[in-house]
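So the chains spell out like this:
Number of protein chains: 2
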Amino acid sequence: MRAKCVVAVFSTLLSCHLSFSIYENPKQHLAESEAVLDPKGELLLKWRVDYSIRRIQFEIVLSRKAPEFDWFALGFSDRGELKNSDVCLLWTDYKGRDHFEDMHADAHGKLFRDRQQDCERFHLNSQSRSIVFERSFDTCDKDDYVIEDGTVHVVWARGLDKLYSSKGLCLTATSSSDHGFIRVRLWTPPNQPKTTGQELKITNNNLKVPESDTTYWCKIFKLPDFVTERPHHITQFESSITKGNEGLVHHMELFYCDAEPNLEMPLYEGNCFANDRPEITRRCSKVKSAWAMGAPPFVYPGEAGLPLGGPQANKYVMLEVHYNNPELRKDWVDSSGIVVYITADLRRYNAAVMELGLEYTDKMAIPAGQNTFPLTGHCIPQCTGVGLPPRGIVIFGSQLHTHLTGVAVWTRHFRQGIELPVLNKDMHYSTHFQEIRILHRPVKVLPDDYLQTTCIYNTLERENATIGGHAITDEMCVNYIHYYPATDLEVCKSAVSNLALENYFKFEKQWDNMTISYEGSPRENYLAVNPWTPLRANALKELYTESPISMQCNKSDGNRFQGDWEGLPLPRIKVTLPIKNRHC
Amino acid sequence: MRAKCVVAVFSTLLSCHLSFSIYENPKQHLAESEAVLDPKGELLLKWRVDYSIRRIQFEIVLSRKAPEFDWFALGFSDRGELKNSDVCLLWTDYKGRDHFEDMHADAHGKLFRDRQQDCERFHLNSQSRSIVFERSFDTCDKDDYVIEDGTVHVVWARGLDKLYSSKGLCLTATSSSDHGFIRVRLWTPPNQPKTTGQELKITNNNLKVPESDTTYWCKIFKLPDFVTERPHHITQFESSITKGNEGLVHHMELFYCDAEPNLEMPLYEGNCFANDRPEITRRCSKVKSAWAMGAPPFVYPGEAGLPLGGPQANKYVMLEVHYNNPELRKDWVDSSGIVVYITADLRRYNAAVMELGLEYTDKMAIPAGQNTFPLTGHCIPQCTGVGLPPRGIVIFGSQLHTHLTGVAVWTRHFRQGIELPVLNKDMHYSTHFQEIRILHRPVKVLPDDYLQTTCIYNTLERENATIGGHAITDEMCVNYIHYYPATDLEVCKSAVSNLALENYFKFEKQWDNMTISYEGSPRENYLAVNPWTPLRANALKELYTESPISMQCNKSDGNRFQGDWEGLPLPRIKVTLPIKNRHC
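One line per chain: the protein sequences are A and B, in this order.
Per our numbering, the very first residue in the first sequence carries number 1; after that it's consecutive.
Per our numbering, the very first residue in the second sequence carries number 1; after that it's consecutive.
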């Protein structure tokens, strides 16, 4: 940053915005968060959300090492691309005058000034080396991105270019070190009172991070004796990031090893995908905590805690850290990890996790070449009816999950056919940004309620059908809901009914001449459908939309609840939510 | 035929049938006809139909030259195949005893005895060397063929085999000279009184028939002066077959050369498909008379005649004879042709021909690989309304027409949405057997009546779509109706509407990834649809069934009647005919 830019902008722009600002609001509305924008950690993004006025203040803090620039753009786009992004641009013209403008990029990344200017209350702070501005969630300008809950792709770019005008400045012409994006949840929940309790730090220890673009590092830990001797509750968890490594650590998960109490686990430490990773460590797969870049501490509701330890549980947990090292640096040393706060003074309720969405099976598939293809999993009234306690459960957290092609996920909530507010919704979902999210509003779910989870997939890059399954190239559609009190119901998921699927394959063989084998698996048969014309893709979409379903309505011991869960009709929906008022 | 067989059958079987027979009925019910069964002309089939008792008497007359046999089968099948045929079998067992049985062949051509025996009143006449038996039109036995109006494929086979039992006798094991089939209309109309009038013989003259399996021989004639000077009426036409050539001459047509009165035609005589056939002779294409094997004389109703000659008409006609010479004999000499009876004493009404069915265009197509695919052409109330005289017309004859893949044709008749008896129907139609058929019942058609002509096609042997058009490998669907009084309306045909067809091709391009060109002709685009899966074939069938139509409602001068004939809805049908009572 050139001094001139800072000074000039100060003098010309600081005085001209006198409207209502975040700073005029009482602190309790504010949620403050930060995330590193660049892999070198030279650009720190801080933001403060004021839900009462539906507005965010952004602050970009530049480290002393950050290179100079004539212009800097920060903004948003659907999936992190600079093309078609919506940005706020700070720039110095060829005469040395500074400007701050609301711009939007076209499909080539070229900037144009918005008719309506919505990058507000801009100022520079030369002492803290920061650029500050504000932005409403929804500016009601069709050229602006709407900031919603869930994943937001924050894009940035900078350059050293003498400019006559900002019009036509091309963001995509910058070198890779001069632009980038991060995924964050901007709508972080308002800060909650931190709980007290015993800290349990589960971190790597001066790990020499591999010289590789992407590393998933797995490390098994034995819980301390005091934890394994008495049942504990986790009341909060948060990240512990080695200072300076904020751009390196992408996300982390803490898994419980779901095995008999006395089964010993090897203290494996290494690449999660290494061939020498002991098979038995695959059992360390029940998520206890999950953190992703920008996520604040996860604080359990005061009346509930997540069970950990005790004599009935296995004594091991596993930390998985996803490192992002695009510059292939050899000198990263990291001791990051997760800190859980635990207490032996058990809270009133056990918290637990329930799976909504689609069964992990090859009965569902996504055609190749789809821009937005939906799959929907159903947790139907018959299952919540037998599985939930009479007074219901309270859902306070949600972790959405798909594999590589998922781009949006949401769960709708119905009671007696009438839709209630959406449970969780992420219209810019990415498999690379999976955190357990505290809901802004805990949701009560009663027996007979209906939870409908939809995932949207983009398979434009795929040549064959993408099939439901466990491999990273297969797909899933899951919402892991975090709730209390813990119940017997652990899985409330569906798939298309067996009969409907059989009939579909019969149809594809007999009417569409596909080389279907009635003895073959659904996976084989889906792969035999080729090419995926729009007509075939649409037929599959209709199959999934119209057909009866099979239900997995399972207890935590893996057994299904009693009853016939095959060939059930889809629940009737009588009233859907009105379209949201945009206040425009 | 062995003498013993004749005698034995006489003695054992003649006495055992005492039921009601054709011979007990008065002569006026009877229609008598004959046709040659084999190319050598050694087997003559005669038949007498008694419509009052719905029964036919068959007589097979063996010439002296006919080879001997131990068994002889005569029967019927869908399209002339021995497999799945229904036959009456005369056979001599290894002890020399004769038997006569009602049998049916399986899908391999093997015979099995019907549970119900319906080959009745069998007898042999050794003097006239003939085998005689009777058969009801509909025996109500599922193993028996139902004899209806239209084309009947009469099959025969014979053999010299010592037999213990008739069961398992294999018809298809015979050599090609020991089996065959002919197409005849068994339901010949009752004999009509012959008209008097001047005979005009238009025949070949000692033609040396080419040594070729199939020959279409064309010969142009100039009409005699007395015919060209005064308008005449054709009152009857019939075949004149050179004696001994009954198996050689397959069918004949007499065409009028539709040109200016004084345009001279070259007196071409030669193969119809020869390269040196003068182009101008293509104008000799308006059918005046048509005869096919087994057809009786065609007698016009007493009040009408077909115009021929006169100063307003061209002076030339063309005879086309289709010769069948499967044994490639070089010694055939033929002088067959058509005899028309004409009179200058004009009858009250001019007879005329009108075209029903589908336009000759590539807007319609039949998918490849279809067993029975329908195309339907519509002569709608709007067109009969403007085209027919207030008191209507009387249809007395009909010539059905498709090219190679047509297997059934019919025309339904509706008045005010209520179906009247079918106009003409041939469920075993063959392009190789096109005669002008006198209707058993003349049909009155009024203005606002609706005539719906459907053709069924079998394209199992085709690899691409078969398109509407003039080439023999293209298809047509036409019913040339013969009627009086002559009106201005000459063509009452339809095709799918242009807009519906455009939308279909758009759909196939955008949803089904076919390489359709919006600038391309329908023919090119139909050929781009590939492969013809059942789904695609069904989509096309639905397009034709559901879409609006374009109408060709044309006068004889080629101009359309005034009005908008594009994008019309299909006429509403309120009441269809009840399913025919089979008297079973």
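Note that these hints are calculated values from the structure, not bench results.
Heads up, some of the hints might be wrong.
Copies of the same chain look alike in the list, so a pair counts if it fits in one copy or across any two.
No farther apart than 25 Å at their CA atoms in a straight line, the calculated lysine to aspartate or glutamate pairs in the DMTMM-like style are these [to be verified]:
id, residue 1, residue 2
1, K315, E101
2, K167, E279
3, K506, E542
4, K509, E542
5, K541, D512
6, K506, E463
7, K201, E542
8, K509, E463
9, K574, E59
10, K425, E502
Here's how the hints hold up against the structure:
Neither within a single protomer nor between protomers do K315 and E101 lie at most 25 Å apart by alpha-carbon distance, with minima of 56 Å and 90 Å respectively. With identical chains, the CA atoms of K167 and E279 are never at most 25 Å apart, being 57 Å at best within one copy and 70 Å at best between copies. Taking the shortest alpha-carbon separations for K506 and E542, both the intra-copy value of 16 Å and the inter-copy value of 21 Å come in at or below 25 Å. Both within a single protomer and between protomers do K509 and E542 lie at most 25 Å apart by alpha-carbon distance, with minima of 17 Å and 20 Å respectively.
For the identical chains of this complex, K541 and D512 are neighbours both inside a copy (16 Å) and across copies (15 Å), given an alpha-carbon limit of 25 Å. Both within a single protomer and between protomers do K506 and E463 lie at most 25 Å apart by alpha-carbon distance, with minima of 23 Å and 24 Å respectively. Neither within a single protomer nor between protomers do K201 and E542 lie at most 25 Å apart by alpha-carbon distance, with minima of 49 Å and 68 Å respectively. Taking the closest pair of Cα atoms, K509 and E463 come within 25 Å of each other both inside a single copy (20 Å) and across two copies (19 Å).
For the homomeric pair K574 and E59, neither the shortest alpha-carbon distance inside one copy (45 Å) nor that between copies (75 Å) is at most 25 Å. For the homomeric pair K425 and E502, neither the shortest alpha-carbon distance inside one copy (32 Å) nor that between copies (41 Å) is at most 25 Å.
Violation of the numbered hints given earlier is confined to hints 1, 2, 7, 9, 10; the remaining hints are satisfied by the structure.
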